[in-house]
Amino acid sequence: MIEIKNLTVDLGDFVLKDASLQIQKSEYFIILGPTGAGKTVLLETIVGLYPAKSGQVWLNGQEITHLEPEKRGIAFVYQDHVLFPHLSVWDNITFGLKRRKKPKAEIRETANWIIDLLKISHLTKRKPDTLSGGEKQKVALARALVIRPKVLLLDEPLSALDPETKETVQRELRRIHNQLGLTIVHVTHDFEEAVSMGDRIAVVGEGRVVQIGTPQEVFRQPNSEFVARFAMARNITIADIQDGEDGRAFAYVGDTKLEVLTEMRGKHRLSLRPEDILVSTEPFQSSARNSFKGPITHILDKGSILYLTIDVPPELVCLVTRRSYDEMNLNKGGEVHVTFKASAVHVF
Amino acid sequence: MKRIFKNKLTLLFLFLGILILLFILVPLIKMVAASDLGVLWDTFKDEQVRDSIWLTIKTALIATVIGLILGVPLAYILARHNFPGKRIVEGVVDLPIVVPHTAAGIALLFVFGRKFFMGQAFEPLGIEFVGAEPGIVVAMLFVSVPFLVDSAKEGFKFVDPRLEKVARTLGASPFQTFTRISLPLARRSILAGSVMMWARGLSEFGAVIILAYHPMIAPILTYERFESYGLEYSRPVAVLLILIALVVFITLRTIIYRGEKS
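Those sequence lines, one after another, are chains Y and X. Residues 1 to 348, numbered by my numbering, are exactly what the first sequence covers, in order. Residues 1001 to 1262, numbered by my numbering, are exactly what the second sequence covers, in order.
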């Protein structure tokens, strides 16, 4: 579908070096990396807004490295939507079709199709500055999708939205992806977002592509310290959430039962920050229900802090300071107790 | 409003501001107020006066249209691109503002005069500059185009380049992106710049008098009547010119201001 071969982009103060990627048809592909890692530049190069210094971009077996953006058929949605402020929602959405000189009837039909798909028919007469963040996002998506792009590029589509809207848009994106069989390249700095949405993830950092793989691969087998820092920052697993007694919710991970605070039920991903887990050699006396014990299977020494992997199961990565590590006299293979609050578990 | 007067500095600034406002308004109001309506009407009926006012409005308008065609693309380039020597180009654009206008007229004469290359290039087309309308247009264009270019440039700078980028990804060519996105979004600044340029053209005297004393534009007619007949005869022409300029200026500003609000 899309193939990027040894792409180098030089913007003076920023350089993207030797990036290679292959994105399959109908794939939901995530580009994950910290702010300033060159993710947006990579997208703008794929769409043709930045010239490549060297390397090639291929689309459907055709080299498009030097093709003008308007001839590529790749749509691009910026983080803050960038709607045309002087045009109504309808004129924003039909902009691409009008430039293609389509007959009026076809323009109306195609526009209404996407407006129905995104359920925004009540917005068509409004101006962009009267819309909420979520509405703007949908209009921007409609404007991009109406030209039936071969690929849709999304630059941080969720990070400008409040948590509630974010969930709705996340669901919408998945739905559109499935319904249209669209190839999507989605850029984000949020690891959870990447894991929950991506078929595959490319981790980008310091101007290069560091690792490519399925969320499980990137999460389980980080190939470098950079990816590890990104991935190991969290414990992520899939759990089955069920009703417990007196309105509480329990998440089952294998045979282990965790108390969580959520309204969601069924299969969901959980995440837990290593620094939210308390580690002790003695059993905990507190009322915290999520208390477990297990052997230390791995120790990652970072100097003043250490990451311990404790096999409950599942394996939990916990963070301890050098001082408490020395005081507790911990060793690989030694049994320890761990505890964390129900509120520390994030369900998504 | 009350809070303004509590601050002594604001009070001082207000006083100084009022001084400069009075300096602008008093001579204009006094001249208009001292005019006899009958004399003004007689002056307006004077064919020479009417012709010269119409000529002034027309030539300033032509100069502005030429300024739009040639100046707006330059303004866009200056707003969007960085290149070596950009500062110099921007300096060149503003040069007419600092060049004394009679000197500008003489410089133009060296290019548009009958013996010089622009003069000769246009001669086969039957276009003459010296002592003719095209000469007036050229002089007005020279002294007033910086106002339009600068204003349009600022307007384009306020258009988010990403709007243009998105338009390209949606299938718009660079030309369509310019006409559909950049131009409409900068139109207010371009319009304001055009009004400024046109008004500046209307009031031009120094450069025009060198290139074309005849046909006579209104500022030159005012000057001639003052020289030949004295204050009493020149005043009605000056008043008419001020009134017409004022009416047009206020109308256009109102239109632009309304556009801003909606």
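Incorrect hints may have been included.
Claimed, not checked - Label pairs and their in silico Cβ distance ranges:
(1) Y/20 <-> X/1111: 38 to 44 Å
(2) X/1161 <-> Y/347: 37 to 43 Å
(3) Y/168 <-> X/1092: 41 to 47 Å
(4) X/1106 <-> Y/126: 54 to 60 Å
(5) Y/311 <-> X/1161: 32 to 38 Å
(6) Y/10 <-> X/1061: 45 to 51 Å
Hint data in this document are derived by calculation from the structure and do not stem from the laboratory. Each residue gets a CB set at the ideal place from its N, CA and C atoms; glycine is no exception.
Outcome of the hint check:
{"no.": "1", "hint": "Y/20 <-> X/1111: 38 to 44 Å", "verdict": "violated (58 Å)"}
{"no.": "2", "hint": "X/1161 <-> Y/347: 37 to 43 Å", "verdict": "holds (40 Å)"}
{"no.": "3", "hint": "Y/168 <-> X/1092: 41 to 47 Å", "verdict": "violated (54 Å)"}
{"no.": "4", "hint": "X/1106 <-> Y/126: 54 to 60 Å", "verdict": "holds (57 Å)"}
{"no.": "5", "hint": "Y/311 <-> X/1161: 32 to 38 Å", "verdict": "violated (53 Å)"}
{"no.": "6", "hint": "Y/10 <-> X/1061: 45 to 51 Å", "verdict": "holds (48 Å)"}
Checked against the numbered hints given earlier, this structure breaks hints 1, 3, 5; the rest are met.
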